[in-house]
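Student: Line order of the protein sequences matches chains A and B. Each step along the first sequence adds one to the number in my numbering, with nothing skipped, and position 489 is 489. Position in the second sequence counted from 1, then plus 1000, gives you my numbering.
The hints are simulated quantities; they were obtained by calculation from the structure and are not laboratory data. Here the structure is a predicted model, which is why all the values come from computation and not from measurement. Please note: incorrect hints may appear among the correct ones.
Each computed DSS-like pair below joins lysine-lysine, with the alpha-carbon atoms no more than 27 angstroms apart [said to hold, decoys possible]:
{"no.": "1", "chain 1": "A", "residue 1": "K181", "chain 2": "B", "residue 2": "K1046"}
{"no.": "2", "chain 1": "A", "residue 1": "K94", "chain 2": "B", "residue 2": "K1247"}
{"no.": "3", "chain 1": "A", "residue 1": "K120", "chain 2": "B", "residue 2": "K1156"}
{"no.": "4", "chain 1": "A", "residue 1": "K120", "chain 2": "B", "residue 2": "K1247"}
{"no.": "5", "chain 1": "B", "residue 1": "K1156", "chain 2": "A", "residue 2": "K489"}
{"no.": "6", "chain 1": "B", "residue 1": "K1138", "chain 2": "A", "residue 2": "K14"}
Each chain, written out:
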Amino acid sequence: MKERRIVRELLESKQRIMSLSFVVGVVFLILLVRLWHLQILSADDYHAMSENNRLRFVPVAASRGAILDRTGRVLVSNRPSFSLAVIPQEVKDKEALLTLLSGLLGLDRADMAERWEKSKGRAKYYPIVLASNITRDHVEIVEENHLRLPGVEIEMKPVREYSSKQLAAHLLGYIGEISEKELDVTGFEEYNPGDYIGKNGIERALEKELHGGDGGRQLEVDARGRVLRTISESSPTVGNSVVLTIDATVQKQAELAFGSQAGAAVAMDVSSGEILAFVSNPGFDPALFSGKMPADVWKSYLDDKRHPLENKALSGQYPPGSTFKVVTALAGLQDNRINESTSFNCSGSYDLGTSTFKCWNKKGHGSTNLRKSLRESCDVFYYNLADKLGVDKIATVAKAFKLGAPLGVELLNERSGLIPTSEWKLKRFGKKWFHGETLSVAIGQGAVLLTPIQLASMIATVANEGTIYRPHVVKRIVDADGKTLRESKNEIIGTAVYPKESYRLVKQGLLAVVNEPGGTGAMARLPDVKVAGKTGTSQVVKLRDSKYGTPYQYKDHALFVAFAPFDKPEIAVAVVIEHGEHGGAAAAPIAGRILRAYFDGKKPVRKDVSGTADKDDSDDDNDTGMKEPRTSGDAVHD
Amino acid sequence: MIDRRLLINIDWVLAGLVVTVCLLGILNIYSATTPYKIVGTAYYIKQCYWMLVGLFVALTVCSLDYHILEDLSYWFYGLLLFLLIAVLVIGKRSMGATRWLNLGVMNIQPSELMKIVIIVTFARFFNSFQEAGGLRVKDVLIPFCLLALPAALIMKQPDLGTATLVILIALSMILYVGLRWSTIFTFVCVTIPMAWVGWSFLLRPYQKNRVLDFLNPERSRLGSGYHIIQSKIAVGSGGFAGKGFVKGTQSQLRFLPEQHTDFAFSVFAEEWGFLGCLLLIIIYLLLVLWGLNIARRCNDRFGSLLAVGVTAMLFWHIVINMGMVIGLFPVVGVPLPFFSYGGTSMITSMVGIGLLQNISMRRFMF
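With the rest of the complex left out, here is chain B (with noise of 0.2 angstroms):
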């Protein structure tokens, strides 16, 4: 299976730090579902399995040449555009939105898969292109098309966090790939008077409505706002060392919206205090700047961009649940990687870690 030589090159540093974030996310999970009436397993043990099932998916992905994945890329993207269809035709409705298809053994969520598909692609694209002196407007057409389709797919689910997401990515992407300013100039001219025409004329009122909810939660939906006050008060009340392991009253007392998933760093933050949190922050940073270090190591382009775009992924992540979490940006429902709980994104980041470790390994092979 995996080649001995890769053995030895094994990125320990990467490993260390998503297995550090794992652990602190369990003890987290443990703390923040304690006030929970608990049905069968208990949600820390759950995410154990999570982060041992990802663990596995991590080393499925490296023990294979990253290098396949550019001839598969498009058929990937192809399959994953059919699936997004597939979703919006018999996928399985919950909460308002169709996300999941049912493939009989297990539901499957394509627009999370989305994600890594279109880091592939975009990193095949750029990657037959070789132009010095940055992207022209020509240049950027088809990644453009590449990325609106399956964004335009996600919206419609409707699912515009993830939407936002994929798009967050691929302009990393592009933005490491490198514009011209003249680029830059005539997306900001063609962007701002579509988007005016389209708000004025083409939107419906209660299209208009949904943009506005989604950008603030607090002007309609009773919850969201209250939900930002309590994770500021419970953010604010950790102080400089915290309260101390499941002794939060925000948390313990349940006044969290969604404590073990999408709010878990706001558990974390009341009772770890600032500390707590710098200490998380500082190994994101690393890991985020680990992630770099290997798209810069890599002596292959399709492996830096690569390794460039799951970076990315990590990064906005991380940046819109805490952000979220500590008010700076409107509620969305994006999971803070290896740290909320939930298998789905376990997975997804797991699988680019798979790629970060890949790469990394793969350095000396030439």
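So that you can see chain A by itself, here it is in the shape it has in the complex (with noise of 0.2 angstroms):
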């Protein structure tokens, strides 16, 4: 029975077989029925059509995203940019053209063949980008002579406009025309030559996001080049625009008040990780990269000492210097080696071996404990610390702040720093960790390296007492007409479990070197807000004290990070004066005055009318936080 069953099931699908064989014969019929009907009998039209291939495609370039701050200030947006293009497929002589342009326009001859050649390769049908930026007056001469100049066009493209001139240049970044390489990269395969994307900064990391849809008109022309018909047509969509955790106000005050030094700052919000400034000085022109940069210009970015191009807040390491003293204060205390009483005497250096350690005061501080040693920065109590810690406790809680890794900011190229760890330099050079070396790191020196971001986020994470927030940049993205598509989310992205007590005790001993005689960082200190700190100055080279004073490039660099207010804690700084010698004397003051800027900016009478929703809900979140009656923000609300 079973069998029967079998056999018959077999010689059904035997038949079914040969009923898919004459389906799949139809199929192959129809497919050379269509093929008889574009090549025998339309073969005519569309021979006709190949020889004179005269589709033309003009590309609309879509609006790019503006860039805003968080209360909705304007940052970059767009203006009209002319560009002068030709396709290829209508020039019947290039090099006169070329010459006849250049003649015309007064535009570089040798500049506008090197584009076209450049672009050799690609469909004639598409536009090459000869000059971008060309005047008003050009485009009028152009189109007076239109005649003249078949297969030359005028394209319009919006160009960026940045309102606020150089203000955070780094973190906005530029655009400019798509490189070669960029083309073969994946991910950008819809882009053109021609087209503008973003290159680095926010421009670039959201790219995606700004770009929007270009648009584009399919049109077959004549011979001449005139417009026969539109086959069809599609308009550019604009692209999204980012509001970024930037306050302009805060991020203007912290750039004046850099002045013509070198360095980094960033202000982050303590419960969040929304990164309020974000600075690296000096800045340069965004808007000139995205135009024709002027051959001084460029030269003056490149030969500068300070390197303005480079972001030194996102990209720069440096040593942290005593500013790390946090983090190894905090491994004492957890591993039961000092407490609030401990002291050690310093004596103005440290013998360890055949090797001194010297404290950055030869004459000595004395008797030291744990808050004296953070208010006037010794060393040697750090030193002892250290000869009993060893490297790896320090690195346990170094790690734990999540520092010697990216943070995760959305921006490219953000640097990992460095904590070194005895495993690690086995691993890396072959080598044992010396004992010494860790004294040195207890400080800061030595291997230690740390990015401005990290350095805030380190004392973000200290100021609410052991969250890590993953610094951001970006609070939403909106459409065209304003409306939220995306916010972005406050990420938890590590915890630093310690004590609270421990976490009171390093607290006290930074609201001391603010706010205590003898405190290195004085020059944070603010009339109406606690302000707690630390002040930091870090090798660049071992030398010291050279009888002609010591080069730039050679000198210690300036550190401070510091938060406020000190009982509720809501923002954080750290500045990093690239050779600004005293961490107390270059950087302090210029903590003081972002944390001045974004106090003042929330006292009442300096809102702004037009403030978002959400900046009146801090404030009010502030009115009830704030306990000091002294301070003036709150006199004015009563």
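Two chains, two frames, a set of hints: combine them into the complex.
Tutor: Structure (structure tokens):
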């Protein structure tokens, strides 16, 4: 019975194969009929079309999204710009045309020829941009001479306008024509030569959001380039706008505070990771990058010893110096090597074996406890501690703070910094860790490196007692009508869990740094808000007190990290002044100015009437949170 | 390695047809890439390597008795599902979709392998299921789930082209097993309202746009509509006898997109005309019919199901690609097997050929 069924099934399936074969035959016949139709019946038409292929594609670039600060102030927007383009398939004599164009417009002939050459290998109907950002006069001249210039087109493209000039240049980045290299990179297949693309900063990191969808028209033209009909048309879609977490007012003050000094500053909201100010100084003019960069400006950027094009806040890695003592102190408390009352005597130096480690204060600090060690930044206290702890215990705390790896800010090329361990040294150099190196690490020297973002995150983590938020610069993405599409989430990337008491002791020390006599950070003090912080001075080379004064590039880096208000921290700041010599003198005042700008901005009198709703909210939070009656902010409220 | 008795049974018709298409493809790639700026090894040379690698893969596949696949099928299926999920989690992004998985030494594209694995899985399932008179509704529920899972994962990448192919292959195999009229009727009754509900209530506007874009690329993406016109001009202007080797103006002046990969047939049609196309289509037709013939001659159900699946895979690739080039279908990134430039497609197709060869060689072994 069963066998009969199987046989029957087998026969049936053989029959079905025959039907399937029949279907296959029919489908292939359809393909052939279609080919017959195209290649035999309509062959002449298509042949004519191919002989005289005059289909043309006119791209219409999408308007790029704007970039705004957290209060809705426009930082980057667009204005129209014209470029001169040519459609190669319509040009009979390339050389004559180039000569004519350069004669009429006074543009560099060699430059245009080079651009033309570069676009070789592209479809002949696709316009090649010969000159970007031409003037309205040029546009008029081209239009007047239209008949003498077959194949020449004027393309209107929106270009970037930076409303606040150089403000936050490194963060915003700039756009430029897509390079050949970028065209080959996956992810940019839809781009064509001559298209604009974000080169770095937010412009690059959020290219996909900002760019929008380019539109265009497919046209049929006659042999002279006159449009016969539009075959199809699609309008461009405007790119989305990016609202940053940056507060332009704080940013502005921070940049002013730097003056001509090289360095970086990052201000961060301690309970969200939102970056409020992101400074890399000196800046540059981003507008110059989307147009034609004047050679002398370019040269001046390259020659400047302060490296204006480098994004120091993101990619600068600095020895944290004494700011790192915060980490060492926590490691000491965690390992029960010290408590509130533990004191070490500082004679001005510390002997380990045959070597001597000096305190910055040659006269010594005398008997020093934790609070004093932070306040006066005594090195010997930490040498003692490091001698007992060993490097790996320090590194454990640093890693719990998520230092030594990129924190995941949206921008590209975030550096990782470096937290050395004995294992790291063995792997990297194949050498054993020397105990003496631990003493350097304890005061943020030796191999330790942190980026300004990491410094800000480190002090923010101390401020909020152990929560590490992913630092971020994008608050939300909005569409062209201002409707919110996506909101950034505050993301906790780790926790540094230590006893409340440990954090309290360290924070008390940091408060003393700024507010007690003998504190190294007095210059960051504010009249109405309690600031806590830590100075740092980090050696660039082991060469000091040269008779003729230290040359610029060998001078020490000055650092300052701070948070405020002390009782209910809101904002954390890290400032690095390259070769600024003393953290307390060079970096602390800048941190103070950034903090002042932040708290001034929260005062209702200065509040923007058009401020967004959530800004009002944060102000309200503050009213309940600020307990000190003497702050002027509250006085106005009352 | 390979049994001597099997060697004399090698299916030379199958091998001959495949190698012929490969060689025509290489010739065509040579012409299609002449206007390119070539960096490193030329495309046609690389395609020669791919062909050799492919033939080696096919040989390897046919050296093992295909019956072991029956036992392994569900393991393969599970592994592939795992890989598809892995792609979504840790895959390599390129061209706005995540399709590749980096295995350290090489990158693999699990969705491509799924085409083969779905064939093996369905063959196994329907082999253990012998019901005369066609499948009832309850009989297709499990295969439907087996199909829906990977199809959904592939769509998520998003790779609608491959997802569609996987579905078409599976449906072809179900059709071969046979459906009762009542099943077809139920299917229609369920699908249409469900599609309507999904479209009206579940999909968000941007998702709808994506579906519409897929169905009709001329709707929004600038390139596609233009490219179809250019492709039709290329094919049409080829006329009866073609413009001659490396003489196609459309391809040499680069009016065609992707002219060595997805639009390779368009170059061929322009340069070799209707006669060339006729030849190529006849070869493909013979290949597909021969695949079905292998299924017919095979005396065990698993083998013939396998053969039908592989043949369906080749068939749909051919029809969708050619249909696209001559403007019958929307633009989908589906290559022409053995003819378009590219290693992934070559390897997958060759695995299929290896299976067909395998089944064909062992038909006398019972």
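Student: It remains to establish, for every hint, whether it holds in the given structure.
Tutor: Against the structure, the hints come out as follows:
A C-alpha spacing of about 22 angstroms is found between A/K181 and B/K1046, which places the hinted pair at or below 27 angstroms, so the restraint holds. Between A/K94 and B/K1247 the alpha-carbon distance is near 24 angstroms, which keeps this suggested pair within the 27 angstroms criterion. With a CA separation close to 37 angstroms, the supplied pair A/K120 and B/K1156 exceeds the 27 angstroms bound. The suggested pairing of A/K120 with B/K1247 holds, with an alpha-carbon distance near 19 angstroms, which does not exceed 27 angstroms.
For the hint pairing B/K1156 with A/K489, the CA-to-CA distance comes to about 24 angstroms; that is within 27 angstroms, so the pair holds. The straight-line distance between the Cα atoms of B/K1138 and A/K14 is roughly 24 angstroms, inside the 27 angstroms bound, and the hint therefore holds.
Hint 3 from the list above is the single one not met by this structure.
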